[in-house]
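Asks: First to last, the sequence lines map onto chains A and B. Take the first sequence: its position 7, counting from 1, is numbered 7 in my numbering, and each next residue is one higher. Take the second sequence: its position 103, counting from 1, is numbered 103 in my numbering, and each next residue is one higher.
It should be emphasised that the hints constitute simulated quantities derived from the structure, not laboratory data. Take these hints with a grain of salt, some might be off.
With a straight-line Cα cutoff of 25 Å, these simulated SDA-like cross-link-like pairs (lysine to any residue) come out [claimed, not checked]: (1) A/K41 to B/Q59; (2) A/K41 to B/D58; (3) A/K44 to B/E14; (4) A/K44 to B/K70; (5) A/K44 to B/G40; (6) A/K44 to A/P107; (7) A/K41 to B/K36; (8) A/K44 to B/T111; (9) A/K41 to A/A100; (10) A/K44 to B/S73; (11) A/K44 to B/D69; (12) A/K44 to B/T23; (13) A/K41 to B/Q57.
Label-pair restraints from in silico Cβ distances [what the hints assert, rightly or not]: (14) B/D69 to A/T73: 24 to 34 Å; (15) A/T18 to B/G40: 19 to 29 Å; (16) B/H71 to A/E14: 15 to 25 Å; (17) B/E5 to A/R22: 38 to 48 Å; (18) A/Y74 to B/A41: 19 to 29 Å; (19) B/N52 to A/T18: 42 to 52 Å; (20) B/K67 to A/E102: 18 to 28 Å; (21) B/D69 to A/G16: 41 to 51 Å; (22) A/T76 to B/S28: 42 to 52 Å; (23) B/K56 to A/L114: 22 to 32 Å.
Keep in mind it's a predicted model, so treat the numbers as computed, not measured. Cβ atoms here follow ideal geometry from the backbone N, Cα and C, with glycine treated the same way.
Residue strings, one per chain:
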Amino acid sequence: EAGVTQFPSHSVIEKGQTVTLRCDPISGHDNLYWYRRVMGKEIKFLLHFVKESKQDESGMPNNRFLAERTGGTYSTLKVQPAELEDSGVYFCASSQYGGANEQFFGPGTRLTVL
Amino acid sequence: GEDVEQSLFLSVREGDSSVINCTYTDSSSTYLYWYKQEPGAGLQLLTYIFSNMDMKQDQRLTVLLNKKDKHLSLRIADTQTGDSAIYFCAEIYTGTASKLTFGTGTRLQVTL
């Protein structure tokens, strides 16, 4: 069974540009999560989808970040316009159920904003 | 609010035991987790402990939970070079259901 996949693995963009990250969860997992690790700090929660609905978006830093999950399958996270402080590793995870059910993580997308 | 802290770096010799420590602030945590991240890979769940337990053992891994001090540790027996990775502790607490709160991660370096 394929795990969580993320694309691209690495993105380098200039400040002010737009970047879209993609996450494909494990098939059949209704719950999809985005997390971010900035500058070697802790991994922070961004948001949680249940199917196509945003269950919790309390971790989204500001309105430059837009997450979507049309159709309840893959998800995209768009950053527009990107700022220097957006650099970091963006992780996606999925789980079959919510609550304390195990979350399976993808390899992450390393975003570098110059 | 929740806060999870870890030391940043640990170096051990192959064959020795490693102990990675974590402190957390939220006393209503329900589950506490240890994740491992190898270079270029995602986070892999190693083990977890329910908050009403004191200890959990799984092969070479032993998790100890001191609820009074809000202290969690992961002991790896007979540490191998393949154990070199970043280890994150994380918690879920009842107020936030599915949201994991992570520590900063401890980089474990295993030397020969």
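Asks: Take the hints in turn and mark each one as holding or not.
Replies: Hint by hint, here is what the structure shows:
1. A/K41 to B/Q59: Roughly 30 Å between the alpha carbons, so the hint for A/K41 and B/Q59 is violated.
2. A/K41 to B/D58: Roughly 28 Å between the alpha carbons, so the hint for A/K41 and B/D58 is violated.
3. A/K44 to B/E14: Status violated; Cα separation ~32 Å.
4. A/K44 to B/K70: holds, 20 Å
5. A/K44 to B/G40: Since the Cα atoms of A/K44 and B/G40 sit roughly 19 Å apart, the hinted pair holds (cutoff 25 Å).
6. A/K44 to A/P107: holds, 15 Å
7. A/K41 to B/K36: Answer holds: A/K41 to B/K36 is near 15 Å, not above 25 Å.
8. A/K44 to B/T111: violated, 30 Å
9. A/K41 to A/A100: At roughly 23 Å apart (the allowed maximum being 25 Å), A/A100 and A/K41 satisfy the hint.
10. A/K44 to B/S73: holds, 21 Å
11. A/K44 to B/D69: With a Cα-Cα distance of about 24 Å, the restraint between A/K44 and B/D69 holds, given a limit of 25 Å.
12. A/K44 to B/T23: holds, 17 Å
13. A/K41 to B/Q57: At roughly 28 Å apart (the allowed maximum being 25 Å), B/Q57 and A/K41 break the hint.
14. B/D69 to A/T73: 24 to 34 Å: 44 Å Cβ-Cβ, so the 24 to 34 Å window is violated.
15. A/T18 to B/G40: 19 to 29 Å: About 26 Å separates the Cβ atoms of A/T18 and B/G40, which means 19 to 29 Å holds.
16. B/H71 to A/E14: 15 to 25 Å: violated, 44 Å
17. B/E5 to A/R22: 38 to 48 Å: Violated, at about 33 Å.
18. A/Y74 to B/A41: 19 to 29 Å: holds, 20 Å
19. B/N52 to A/T18: 42 to 52 Å: holds, 47 Å
20. B/K67 to A/E102: 18 to 28 Å: holds, 22 Å
21. B/D69 to A/G16: 41 to 51 Å: With Cβ atoms ~47 Å apart, the hint holds.
22. A/T76 to B/S28: 42 to 52 Å: violated, 33 Å
23. B/K56 to A/L114: 22 to 32 Å: With a Cβ separation near 45 Å, B/K56 and A/L114 fall outside 22 to 32 Å, so the hint is violated.
Of the numbered hints stated above, those contradicted by the structure are hints 1, 2, 3, 8, 13, 14, 16, 17, 22 and 23, listed in ascending order.
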